[in-house]
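Construct the entire structure; sequences and hints are all you get.
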Amino acid sequence: MNSEGVQAVPQTVPFWNDPKKRAIVYQIATLCMVGLLGYYLFTNTVTNLQRQNIASGFSFLQKESAFEIGESVIPYSAADSYGKALLVGALNTLKVAFVGIVITIILGTVVGVARLSSNWLVARLAAVYIEVMQDIPILLQLFFWYALFYESLPSPRQAICPGAGIYLCNRGVAFTIPEAHPAHKYMLLAFIVGCVIVYLIRRWAKKRQAQTGKYFPVFRVSLALVLGLPFLVWLASGAPTALDAPKLVGFNFKGGLTVSPEFIALLLGLVLYTAAFVAEVVRAGIQSVSKGQTEAAFSLGLKPVLVLNLVILPQALRVIIPPLTSQMLNLTKNSSLAVAIGFPDFVSVANTTMNQTGQAIEGVALIMAVYLVFSLSTSAFMNWYNKRVALVER
Amino acid sequence: MEQHALTEEVLKPPVASVGVLGWMRKNLFNSIFNSILTLLTIYFLWEIVPPFVEWAFVNGLWLTSSEACRAGEGACWSVVTQNIRFILFGFYPYDQHWRPLLSMLILFTLLGFSRNRKFWTKHLGYAWIAGLISMGLLMKGGIFGLESVESTKWGGLPLTLLLAVFGLTAAYPLGVILALGRQSKMPIVKILSVLYIELIRGVPLISLLFMSSVIFPLFLPEGVNINKILRAQAAIILFTAAYIAEVVRGGLQGIARGQYEAAESLGLNYYLTMRLIILPQALKIVIPPSVSILISAFKDTSLVVIIALYDVLKTTQSTLSNPLWMGFSKEAYFFVALLYFLGCFSMSNFSRKLEKELSAGG
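Each protein sequence line maps, in turn, to chains A and B. Adding 11 to a residue's 1-based position in the first sequence gives its number in my numbering. Adding 1347 to a residue's 1-based position in the second sequence gives its number in my numbering.
If you're looking for bench data, these hints aren't it; they were derived computationally from the structure. Because the structure is a prediction, the values reported are computed rather than measured. Note that beta-carbon positions come from the ideal geometry of N, C-alpha and C, so glycine has one too. Keep in mind that the hints are not guaranteed to be accurate.
[Claimed, not checked] Not everything, but these chain B residues come out facing chain A in the computed CB check (under 8 Å):
hint, residue
1, N1377
2, V1536
3, P1568
4, E1569
5, C1691
[To be verified] Below, computed lysine-lysine pairings styled on DSBU-like, alpha-carbon distance capped at 35 Å:
hint, chain 1, residue 1, chain 2, residue 2
6, B, K1631, B, K1465
7, B, K1537, A, K344
8, A, K398, B, K1537
9, A, K74, A, K344
10, A, K31, B, K1631
11, B, K1359, A, K302
12, A, K106, A, K344
13, A, K302, A, K217
14, A, K344, B, K1373
15, A, K314, B, K1373
16, B, K1487, B, K1575
17, B, K1532, A, K398
And the structure:
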């Protein structure tokens, strides 16, 4: 190599050898490709819509829906708009998801703990439950429960009565509930006030314990407050005990609280299916806390309740919460299968709307948007909670 | 030695701590709470199991007509046995049922071989490609003197299996690309990948299936039609890819930084680094979670019922809507549940076995 050869090397690198410039080229190319694909699909859609004379846009939401919805949290009739119908659907989805999540967490925890039980029979049974439920598609389970309701239960006239005030028939389950009374509103208010006070007491007790080391029986006081305040309100308003029992009128039950077979089948399917996954999550969480932690806590002289509260749970929750969040989201997303058994959830109502108005794109876009909002808000909340319990490392 | 053994008195453990009794004491009755729990469980099982066995097996009817079923008290398995060919193969021409059967056998053989890690070579890959193509050709027909069968007539178990297997096979490369995109240093590529993955994971599969059945046709230029099965397949692929991307991302994050740096210092470019160094390691880590994705894809194919494709669940449903067999849903759904259970259980067993082997350093 002579000196001439060295000098022949150009001082500036050609742009195809510069990773930074190359990256820009790649990104522009990707953007162009995605943009072109989007443009192609968009123009096709526009021409197809024009050809089929479908006006796009969300103006159909104000039109009269002209279809009834079987069950609703808010008053609704066929004269209301599509927008309101969709709102009813969204509220029904929220109802199923909320009730489902609460029951699933309880059942999943019980099964998860049972899976680790020292009792061989219980542990085996829990294992079988988990394996079987995980391996059968949720939709099939929904069909099964729905069919069981429709085929195996008698008509309202021959309703089975498993306990006082509860009637099982193929039109659903009718419960006896306390008769509507103005006191109930104040009891609910008292309950909420109780919860707020409990929250404040917890904060105060924690602070005091950190400063002075004095222990305050938070749990017992909280329980007394949350249950006691509504009870006091109930007593103060004259202790109304009138009950509203379901009565057979014609071919169906009137009065009381009737839960539709669709709702029960959906809830049963979702809860039993998701609980199997939650049980595995709980099991993994409990197993992640090493035995030494429990032993160390006991050797410090802590009571079993405190060992659970201060040592085991905080560590297990850290492992449990992220996968638990995704299971809760799965439950919410799976509730969309309600459309298959005729429960009027959001997807079901949106599907009817699409069929009536022909606004397919808007309908699917609405479904996606609503579930994205549910998913993102749930995971935002869970992330916030997770941050609170997460390990603070140096 | 011998004398010592003779003189030492051998104390037998008490009867209550060995054998069946000992086992029961240790595992079922080791505390008051556990004893109560055991008794309650036994009572519960006693209430459930004998009546079920009586219903399903003692009084069960296996090969009768529906009239005999309605007269009988037990389970009517006849609803399955009398309609088995429709449930398994749907509207596929009756005299051609051997073709989907053969396709399924090819698939099961391939799956059987793939279970054993000894066979994990390039040849198995070629065998899979050949197998998948021949399965498609067998189903479709039109060559080698086979009668051509429109894909609208495909149905039953083969459709379920095809949707799951083709769905995963096609989704895997897409998922790997998305995972690489999400890990990329280029912001636009990264944002696009993240958007896609989070968007798809945030919505239920059913919304994508609706999209495939009502919106996909609008996306295509006039005169171009893609049949319903392919559209549903596309939706399943797009959906599964997002989940695979997250699994593969887990694998990519498990690779030490040193591996990237070593590849760079060898002068490998991005493509070669990924193909030769990173992906072979990352994909090996994610085999067990990929099997769980296959399991969920297999279960999720049942959702095509909602857009009226005749998979094994839909054929069962339409059997049940036949007035002759109405009202025997329990038995029919038990059968379908058993099919799904066998499929998923063998896969999850395999996944567990594999995880053990891989963690043992195999």
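Hint-by-hint comparison with the structure:
1. Because the beta carbon of N1377/B sits about 6 Å from the nearest beta carbon in chain A, less than 8 Å, this interface hint is met.
2. The beta carbon of V1536/B comes within 6 Å of a beta carbon in chain A, closer than 8 Å, and the hint placing it at the interface holds.
3. With a cut of 8 Å, the hint placing P1568/B at the interface with chain A holds, because the nearest CB-to-CB distance is about 5 Å.
4. Residue-level restraint check for E1569/B holds (minimum Cβ-Cβ distance to chain A is 7 Å; threshold 8 Å).
5. At about 4 Å, the closest approach between the beta carbon of C1691/B and any beta carbon in chain A falls short of 8 Å, and the interface hint on this residue holds.
6. At most 35 Å may separate the alpha-carbon atoms for a hinted pair to count; K1631/B and K1465/B meet this at roughly 15 Å.
7. Between the alpha carbons of K1537/B and K344/A the distance comes to roughly 26 Å, so the proposed pair stays at or under 35 Å and holds.
8. Taking the CA atoms of K398/A and K1537/B, the gap is about 25 Å. The hint holds against a cut of 35 Å.
9. Note on K74/A and K344/A: the hinted pairing holds, with a Cα-Cα distance of about 28 Å set against a maximum of 35 Å.
10. For the hint pairing K31/A with K1631/B, the CA-to-CA distance comes to about 31 Å; that is within 35 Å, so the pair holds.
11. Pair hint K1359/B plus K302/A holds up; C-alpha atoms about 33 Å apart against a cutoff of 35 Å.
12. For a cut-off of 35 Å, the pair hint linking K106/A to K344/A stands: about 13 Å separates their Cα positions.
13. Pair hint K302/A plus K217/A holds up; C-alpha atoms about 26 Å apart against a cutoff of 35 Å.
14. A hinted pair counts as satisfied when its Cα atoms are at most 35 Å apart, and K344/A with K1373/B does not qualify at roughly 43 Å.
15. Proposed proximity of K314/A and K1373/B is supported: the alpha carbons are some 26 Å apart, at most 35 Å.
16. As the CA atoms of K1487/B and K1575/B are separated by approximately 15 Å, the hinted pair is consistent with the 35 Å bound.
17. Simply put, K1532/B and K398/A have alpha-carbon atoms about 27 Å apart, close enough for the 35 Å limit, and the pair holds.
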